[in-house]
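**Q** Following the UniProt record's numbering, the numbering of the sequence shown begins with 1 at its first residue and continues without gaps.
There could be a bad hint or two in this list.
[Unchecked claim] Estimated spans, in silico, between C-beta atoms of each pair:
1) Arg67 - Asp95: 30 to 38 Å
2) Leu104 - Asp144: 18 to 26 Å
3) His45 - Ala107: 16 to 24 Å
[Said to hold, decoys possible] Result set (BS3-like, lysine-lysine): computed pairs, CA atoms no more than 25 Å apart in a straight line:
4) Lys49 - Lys102
5) Lys23 - Lys61
6) Lys130 - Lys23
7) Lys102 - Lys91
Treat the hints as calculated values from the structure; they're not laboratory data.
Only a predicted model underlies this, so the values are computations on that prediction, with no experimental measurement involved.
By construction, the Cβ of each residue, glycine as well, lies at the ideal position given by its N, Cα and C atoms.
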Amino acid sequence: AIGRIQLQRMPEWHRRRLANSEKIWRVARSLPGLSAPDLPQHIGHGCYKCYIYVVPGELAKGWDRDRIAGSIVERGVPCFTGSCSEVYREKAFLDAGLAPEKPLETARWLGIVSLMFLVHPTLTDDEINKTLEALSEVMECATDGE
């Protein structure tokens, strides 16, 4: 019974996750030092988490993805460095012979530059706005060297 109720809520939950992600992506695209996906209309995204990417060449000296994430967290906003981009390096994949012959460069790169934000449907507009403000403030410092 609970599962049927939850299934009825999924379209609205997805709409909220997508709206929250789009707000973060829009701000990230407007800031130096960041990039964000720009999805074509025909692509559907689950938006369980929101990923954006640091552009290292646009950062001030002394700044990197980890410092950016830490500075956002210091402002009271959850910010993570993403999922395991090279999951194929885990023992289970190695033991099963499922790892690629050589490392996947794009996967490695995404592991270095990814930032992940929460976008679940229970977040309030104030919480999302706080995320946008923290991201903007930190990136101003990260690209100006302040």
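**Q** Hint by hint, which ones does this structure get wrong, listed from lowest number up?
**A** 2, 4, 5
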